[in-house]
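Number of protein chains: 2
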Amino acid sequence: MKFMWHRLICKNRINLRLLDNICRSASLCAQNNKHETSSPHRLFLGASIATLLAYKLYDYKKNLAFAEQEASDTKAGVAREGLPYYSLQDVSQHCNKDTRIWVTYKEGVYDITDFVEGHPGGDQILLAAGSSVEPFWMLYAVHNNPHVWEILETLRIGNVTKEDAGKLTENMSDPYSTDPKRHPVLHPASVKPFNAETPPFLLVQQFITPNELFYVRNHLPVPKVDPETYELEIEIEGKNKTLSLTLDELKKLPRHTITATIMCAGNRRSEMTKVKPVKGLSWGAAAVGNATWTGVRLRDVLALAGVDEDAAFKHVQFEGLDFDPTGKTYGASIPFWKAASKRGDVILAFEMNGVPIPRDHGFPVRVIVPGTVGARNVKWLARIIVSEKESDSHWQQNDYKGFSPSTDWDTVDFTKSPAIQELPVISAICQPSEGQTVQTDDGHILVKGYAWSGGGQKIVRVDVTLDEGDTWHVANLDHQDTAEPPQHWSWTLWSARIPVKPGTKTVQIWAKAVDSCYNTQPESFKNIWNLRGVLSNAYHRVTVKLQ
Amino acid sequence: MKFMWHRLICKNRINLRLLDNICRSASLCAQNNKHETSSPHRLFLGASIATLLAYKLYDYKKNLAFAEQEASDTKAGVAREGLPYYSLQDVSQHCNKDTRIWVTYKEGVYDITDFVEGHPGGDQILLAAGSSVEPFWMLYAVHNNPHVWEILETLRIGNVTKEDAGKLTENMSDPYSTDPKRHPVLHPASVKPFNAETPPFLLVQQFITPNELFYVRNHLPVPKVDPETYELEIEIEGKNKTLSLTLDELKKLPRHTITATIMCAGNRRSEMTKVKPVKGLSWGAAAVGNATWTGVRLRDVLALAGVDEDAAFKHVQFEGLDFDPTGKTYGASIPFWKAASKRGDVILAFEMNGVPIPRDHGFPVRVIVPGTVGARNVKWLARIIVSEKESDSHWQQNDYKGFSPSTDWDTVDFTKSPAIQELPVISAICQPSEGQTVQTDDGHILVKGYAWSGGGQKIVRVDVTLDEGDTWHVANLDHQDTAEPPQHWSWTLWSARIPVKPGTKTVQIWAKAVDSCYNTQPESFKNIWNLRGVLSNAYHRVTVKLQ
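In the order they appear, the protein sequences are chains A and B. Going by the working numbering, the first residue of the first sequence is number 21, and it counts up by one from there. Going by the working numbering, the first residue of the second sequence is number 21, and it counts up by one from there.
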């Protein structure tokens, strides 16, 4: 049988039995591994973290003197003369520290025992222990990189026997082969998984971002879901019964439409990383969009399941239909009050800007948690669990959290920071762009951008300066929703026409926003730097040439 | 009849008929004045604005060349030879621009027509047109200042006739004579009205601030209210019936206790004013306190009056029993959703830290609007109005709002900014204090402070640095309420023990807090400066000497 990722979705549940022997052998070995048992949720590292793997591996390489001598045109996984041959059975015996940890890549056999600690993805690498890294590298395509291959070859201990070579991967297809087509104007931050942002100047052309231009943030391959067989499950902790709703049943509930901005926690990360490198996709300022979402209120669905606003639960967990090679799905949770409150406006959306939600954005059903970081707006929604506990997913526990600027990867303790929910106030200049030559108009330049704040707060002012804050110009708030805080979910589009001194050749434009709590943006990235590069909401600074 | 301010409270309503002829003549003339009709709410300027009057008047003085020649030991209001004499009847004819605007002060007659525009309190001055300024100067004692007297004498045009001299004020007593006694350790920012803060080092000694040490923010004299005759009125716009509740009736409703921090919008103003002068009381970092408040839920009282959470009102207005010489009471409003929501936790409190609320804090009933600026926590509550509109009081409309750093008193338009409600994230270092000599302990110094955020957000981290942000130390959050956001109303007390390099003589300590929305403080006052000096939440910076 050909290994087809999308076939793994049986109705809307993942059928682990369909995972082929490649994945099973990998995960079984990992499950036996002592390293895993202590913190299973740490095993999985988001694709987001994986994207800076190349950087970290390069860093690691610098510490290996012998790597300096080999390198450059190393061909990874090619059979090398003079090295011993091992069968896949031999390799499978080496799946923990006591036996040493071996993996294969194509025809190569590698002892990664001493590398595990330096692996930027942490224990994640142990999923491949005693087996092939290839299914994982297909998922996190950042590994397909000469720097990574170089490091890998420094760990080389042998070759796979001719009989076994290729057997582990012969039925494996690209898990991304069924991803949807995307508009070519989207600017990718990574291709597998697909993550891409809108060109900033397009972002400020209209209050509602068209679906095709809306930024895409995928952690895993896009599942192919049959709306006819789709079912949403709702579990209440402590109750035996699970509520199941088909798409048709869901659509029969009272409909609710909201206009809400969704933003990635890593939006504007590329600016923070200039202070000191951070891990994560190198997003510009356009990992954000504003859309109209139609669906049913989550609180109505919870009420159907017998849970009302006054119930004593603390969290509502979500699981997506997207999953990794071990069958682990994307997951996240939000506080119960937000889920159950009428004022929270959380919906299970099946329409985006008046049409069925496109596959990249969660077809057929996505949770929209307005005012809350994109990561909790779970796409391809499979399951809702009302619980005393947060989701134990990697993305809730060990990602999407803020830390002090002095916390590094040696000192970080993810249990010490809360999962990001409502996002802080932010703004960005979308026009002109960095380095652009701008034609002045009667001694003025036109600056356009967006501003937004989480938690249903409204933008009350945007200030723009061309002289490092000696003079601030109050921008016009051109497009803004009429909803009042704390239910103001949309961004504000703004513009300012600012005088420049005659003869000025270059100006740096700064923008900062103030929200209805009068929270404002921090000035610089230095003092809000964090190792994951999230919450990058310092003043936006854009330098342009004048003509 | 001797003019006794506290006698004006008849039951809990202000009896305008008891206002004596001094005040009546002043207000009647003002009511006839064309300047007032357009914006009645602008007439009243808070004592808070009045406190920097001296500064502005001094500024005005600099523009009057002849003032430079007179000045210094001018005695204001003393009869001056060579000037014409006017009866009070003559003076009363001059109460608008057409007739020129005259006022008296003791035995002096002054033409203030050309000064009105430059008066920092705006149209407020017109209340005295055709009469004496003295009742107002008793209320806003900042006028009793040599700088003010100097300016006044530059406007001198005559003397009050011997027959009339003293008549206007002969029955006038000090409206503050019945204010309560205060603990001598409180540090006054103004005495009449009384405004004072706690010594900062005392603030961080305990999570709950003792009543006697709790900062006091009064806009007017403290009313003396008889709890036996006290009645609270609740009006619903569009309904003819008004609900009245005695204190006993109120206390029969279900009780609700919350622990909440109350903070003045002007807390830490003295730091902002160093960048460029602002108007307002010169508060340090201790115009804040944390207490336990017991009362009844406002939503329960609204329900008694027939208004539930889903009603279509927008605002809930409050009126206090404190009032100015024209009978205008202190007033403010909050959004209806906050007032009516269970999660809003708004209470009508009659106990503070387990005892009846002290007079300075609102005896017998004060609104506690947790997470919201102190100015909306109306004391000596007389009346609640459920409305489509915000309170039209000066303090809601023309005070307690934020503006861009480039907005000055010539360009400000108070209709353009929203009234401050929920406050932004803030922190302060309370120990050591600015300029203090600190004994190091095994090469470390101990820093203590508070942090808080409005809107029910919790403090998730406090960062402290001694090297301008090159190294940030994460403080211990020593005392924090267990309530979860968005119902976390109390401050967090924190401490940090930070190493100092041997031989260091002086360090500047910086502190900044991060709340559960991951909003953080702005770095410097320059870019958040505003003409009223509110929302002063930049990093707190304290320089100390080491021993």
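Everything labelled a hint here was simulated from the structure, so no lab data went into it. Hints are supplied without guarantee of correctness; some may be wrong.
For chains that are exact copies, the list does not tell them apart, and a pair is met inside one copy or across any two.
Stated by the list, open to error - Distance condition first, Cα-Cα at most 25 Å in a straight line; then the derived SDA-like pairs of lysine to any residue:
| id | residue 1 | residue 2 |
| --- | --- | --- |
| 1 | Lys334 | His499 |
| 2 | Lys436 | Leu497 |
| 3 | Lys244 | His499 |
| 4 | Lys546 | Asp328 |
| 5 | Lys334 | Lys362 |
| 6 | Lys546 | Gly489 |
| 7 | Lys362 | Ala332 |
| 8 | Lys546 | Asp490 |
| 9 | Lys126 | Arg275 |
| 10 | Lys362 | Arg176 |
| 11 | Lys546 | Ser515 |
| 12 | Lys182 | Asp412 |
| 13 | Lys546 | Pro519 |
| 14 | Lys436 | Ser515 |
| 15 | Lys409 | Arg363 |
| 16 | Lys95 | Gly178 |
| 17 | Lys546 | Thr181 |
| 18 | Lys436 | Gln500 |
| 19 | Lys362 | Glu504 |
| 20 | Lys362 | His276 |
| 21 | Lys182 | Asn496 |
| 22 | Lys521 | Glu408 |
| 23 | Lys294 | Ser264 |
| 24 | Lys436 | Thr266 |
| 25 | Lys296 | Ser544 |
| 26 | Lys244 | Asp131 |
| 27 | Lys362 | Gln507 |
| 28 | Lys294 | Ser544 |
| 29 | Lys409 | Thr262 |
| 30 | Lys436 | Ile518 |
So, going through the hints one by one against the coordinates:
For the identical chains of this complex, Lys334 and His499 are inter-copy neighbours only, at 23 Å across copies versus 36 Å inside a copy, given an alpha-carbon limit of 25 Å. Taking the closest pair of Cα atoms, Lys436 and Leu497 come within 25 Å of each other only across two copies (12 Å); inside a single copy the shortest separation is 38 Å, beyond that limit. For a Cα distance limit of 25 Å, the shortest separation of Lys244 from His499 qualifies neither inside one copy, at 36 Å, nor across copies, at 50 Å. Taking the shortest Cα distances, Lys546 and Asp328 never come within 25 Å of each other, neither inside one copy (44 Å) nor across copies (48 Å).
Both within a single protomer and between protomers do Lys334 and Lys362 lie at most 25 Å apart by alpha-carbon distance, with minima of 16 Å and 17 Å respectively. For a Cα distance limit of 25 Å, the shortest separation of Lys546 from Gly489 qualifies both inside one copy, at 18 Å, and across copies, at 8 Å. In the homo-oligomer, the alpha carbons of Lys362 and Ala332 lie at most 25 Å apart both inside one protomer (16 Å) and across protomers (15 Å), since each shortest distance falls under that limit. Taking the closest pair of Cα atoms, Lys546 and Asp490 come within 25 Å of each other both inside a single copy (21 Å) and across two copies (8 Å).
In this assembly of identical chains, the alpha carbons of Lys126 and Arg275 never lie at most 25 Å apart, being 52 Å within a copy and 71 Å across copies at closest. Taking identical chains as interchangeable, the C-alpha atoms of Lys362 and Arg176 are never at most 25 Å apart, the minima being 58 Å within one chain and 63 Å between chains. Proximity of Lys546 to Ser515 under the C-alpha cut-off of 25 Å is restricted to the inter-copy arrangement: shortest distance 23 Å between copies versus 27 Å within a copy. Proximity of Lys182 to Asp412 under the C-alpha cut-off of 25 Å is found in neither arrangement, the shortest distances being 42 Å within a copy and 87 Å between copies.
Proximity of Lys546 to Pro519 under the C-alpha cut-off of 25 Å is restricted to the inter-copy arrangement: shortest distance 21 Å between copies versus 30 Å within a copy. For a Cα distance limit of 25 Å, the shortest separation of Lys436 from Ser515 across copies, 17 Å, qualifies, whereas the shortest one inside one copy, 40 Å, does not. Both within a single protomer and between protomers do Lys409 and Arg363 lie at most 25 Å apart by alpha-carbon distance, with minima of 22 Å and 21 Å respectively. In this homomeric assembly, Lys95 and Gly178 come within 25 Å of each other (Cα to Cα) only inside a single copy, at 14 Å, whereas the closest approach across copies is 102 Å.
For the identical chains of this complex, Lys546 and Thr181 are neighbours neither inside a copy (52 Å) nor across copies (70 Å), given an alpha-carbon limit of 25 Å. Taking the closest pair of Cα atoms, Lys436 and Gln500 come within 25 Å of each other only across two copies (15 Å); inside a single copy the shortest separation is 37 Å, beyond that limit. Both within a single protomer and between protomers do Lys362 and Glu504 lie at most 25 Å apart by alpha-carbon distance, with minima of 14 Å and 19 Å respectively. In this assembly of identical chains, Lys362 and His276 lie within 25 Å of each other by CA distance both inside one copy and across copies; the values are 11 Å within and 23 Å between.
Within a single copy, Lys182 and Asn496 get their C-alpha atoms no closer than 70 Å, and across copies no closer than 60 Å, so neither meets the 25 Å cut-off. Taking the closest pair of Cα atoms, Lys521 and Glu408 never come within 25 Å of each other, the shortest separation being 60 Å inside a single copy and 46 Å across copies. Proximity of Lys294 to Ser264 under the C-alpha cut-off of 25 Å is found in neither arrangement, the shortest distances being 48 Å within a copy and 63 Å between copies. Neither within a single protomer nor between protomers do Lys436 and Thr266 lie at most 25 Å apart by alpha-carbon distance, with minima of 39 Å and 49 Å respectively.
Proximity of Lys296 and Ser544 under a CA criterion of 25 Å is satisfied in both settings, with 13 Å inside one chain copy and 22 Å between copies. Taking CA atoms no more than 25 Å apart as the test, Lys244 paired with Asp131 passes in neither setting, with 37 Å inside one copy and 83 Å between copies. Taking the shortest alpha-carbon separations for Lys362 and Gln507, both the intra-copy value of 10 Å and the inter-copy value of 16 Å come in at or below 25 Å. Taking the closest pair of Cα atoms, Lys294 and Ser544 come within 25 Å of each other both inside a single copy (11 Å) and across two copies (22 Å).
Proximity of Lys409 and Thr262 under a CA criterion of 25 Å is satisfied intra-copy only: 18 Å inside one chain copy versus 47 Å between copies. For a Cα distance limit of 25 Å, the shortest separation of Lys436 from Ile518 across copies, 20 Å, qualifies, whereas the shortest one inside one copy, 44 Å, does not.
Checked against the numbered hints given earlier, the structure breaks hints 3, 4, 9, 10, 12, 17, 21, 22, 23, 24, 26 and satisfies all the rest.
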